[in-house]
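Novice: One-letter residues, chain by chain:
2 protein chains.
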Amino acid sequence: MKYSVEWKDNALQLLDQSRLPHEERYDVLSTVSEAADAIREMRVRGAPAIGVAAAYGVVLAARESEGGTSEVRKAAIMAAIDRLATTRPTAVNLFAALNRMSTALARSEPADITSRLLAEALLFHDEEKEATSAISSNGASLVPEGATILTHCNAGAIATAAHGTALGAIIHAYRLGKVKRVIATETRPLLQGARLTVWELVNEGVPTTLITDSMVGHVMHMMGVDCVIVGADRIAANGDVANKIGTYGIAVLAHAHNVPFYVAAPFSTIDMSISDGQQIAIEQRRETEVTTFGGQPVASGGSDVLNPSFDVTPNSYVTSIITERGILSAPYLSALSAMAKNQGRKRG
Amino acid sequence: MKYSVEWKDNALQLLDQSRLPHEERYDVLSTVSEAADAIREMRVRGAPAIGVAAAYGVVLAARESEGGTSEVRKAAIMAAIDRLATTRPTAVNLFAALNRMSTALARSEPADITSRLLAEALLFHDEEKEATSAISSNGASLVPEGATILTHCNAGAIATAAHGTALGAIIHAYRLGKVKRVIATETRPLLQGARLTVWELVNEGVPTTLITDSMVGHVMHMMGVDCVIVGADRIAANGDVANKIGTYGIAVLAHAHNVPFYVAAPFSTIDMSISDGQQIAIEQRRETEVTTFGGQPVASGGSDVLNPSFDVTPNSYVTSIITERGILSAPYLSALSAMAKNQGRKRG
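In order, the protein sequence lines correspond to chains A and B. So for the first sequence, our numbering puts the first residue at 1; every next one is plus one. So for the second sequence, our numbering puts the first residue at 1; every next one is plus one.
Please keep in mind that the hints were generated in silico from the structure rather than gathered at the bench. Some hints could be false.
[Stated by the list, open to error] Cut-off 20 Å, straight-line C-alpha distance, at most; resulting in silico cross-link-like pairs (EDC-like, lysine to aspartate or glutamate):
no.: 1; chain 1: B; residue 1: K341; chain 2: B; residue 2: D271
no.: 2; chain 1: B; residue 1: K180; chain 2: A; residue 2: E204
no.: 3; chain 1: A; residue 1: K129; chain 2: A; residue 2: E109
no.: 4; chain 1: A; residue 1: K180; chain 2: B; residue 2: D304
no.: 5; chain 1: A; residue 1: K129; chain 2: A; residue 2: E204
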């Protein structure tokens, strides 16, 4: 198991995902500024991994503030939380993690701010590990024997700081002997599929076929695909799913070919505060991600360039949502509400 | 107007499309071997342009054979035709051109083989120029005022040795003041959209937006697209369309968004000898087109890689087929048959 985010030797250790698969480098981060940059520049990526990295980023801010008065420290840590919140807009796990750290900060005693925040970050990380373990097992139960599964982008161990969501389910199903082959889309512009998903699957020994994003329809039509499993960056209360750009097109193609379309995500990815996907902020990233390829300019100049990092798949295209608490089907608003309430009771 | 294929100074002049947009280089080809390599390596690409280049390639073979007996020469030229036919399997224009050259060869007198074949190639080229001019005008008539048009790959002047098919129609509509914006997909793996379509559109002053192939669904949903216009590499008798990989996915998305999906192609692209798209040979190209860029590896190793150059869009997703002889709608079998018969009568 490769971990992309770890707290080790009093510092945040991050696998630099932008260098994979050519270089497997771990960076040691000791300031919140470094953590914010790593998230913004996608050296750490994947909604659950971003959340965990941000939680540890708050711990780094607490360490940097040591020596000040309690009030000055709390103000500095709150400023750091605000700063981390501006790094990326779409993945809700980031905000869920920062909210927890903010609450923990408010409840901490002056003498133990750092240790209280570190304990909260470690607990959050442990919960995410447990969640992805349960998601892997729940998701694998949906995979038929001898399955060809298609996935998009990377929702693997390195995206989640633990077992992976979509890829966790796929690898779990493979270990159960149910998977014949995985089709991985390359996932332009940043090629998380070609670089990261293929790397994780091949490391696990899973027979894998790499395709460009444009080949999904042809592959469904000619080879047959038994199910699609993808991750999510935010899920609205009605089950609309924000995920890597291209997910929506795959969902429409899956629908046209009667292929089940599954979304695997921890409950922390679900944002019950928004009613539907239209309200999810879609991050627009640099044009150069599109106009260059592997660092080299590829496009003719003079045009506008769009680079939305995510799209929204309407709930009507989602066969099931796989969470650590169970597998949900439409109607999602009532299913998600019931699950959120049950969890509230368990905690209370 | 940029021409990609010309007969000039007793040689075949080809714009090397693989170097665009960074370098605008014309190669002078004087042997059929060079012509075959240029087609196979996609230095000349686009179904109509391939046909014209192959016709001139046969002329080069005739010149190379000069000095031999008539029988030896005809055998050498037939071998050259067979060789050119193996360069690429999907675009039917290649075979249509070679059939014409073969017939012209059979009818030529020993003394004037080269001049007879050159005359036929020039005539074929002129007919393709006229055809794309009529296609541009016919296609533009379908474009509504203030249109946002999406196109895939490159079906422009350089792909057709003349005015372009899909891009010809779009540019004609732009000159008529009907086009607000063109959305061009980058078109992995060889990026003909980012490199060639953007280059042609920007040269013509058309407001253009470049997107990755994976953004089509998001753009249709969020920005609105008034119609899709693409080219074709082969159209079966029932109206099924083989075109650049990714076309099928765009057609399904267009259908889901009630966006008209138009295919623009010369009648030489229609293959009445096959009943449906399942019978169209789909070219599989090198894995390294997907796994490397500019010679640099971009994907993790160890997986299989698919690289079909084309896919087939079923006729049910095709709103209209735009040809030089008119605009056709479903049912395509009867419409295409009637058009083929009328032309037969005109010629006869």
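Novice: Which hint numbers does the structure go against, in order from smallest to largest?
Specialist: 2, 3
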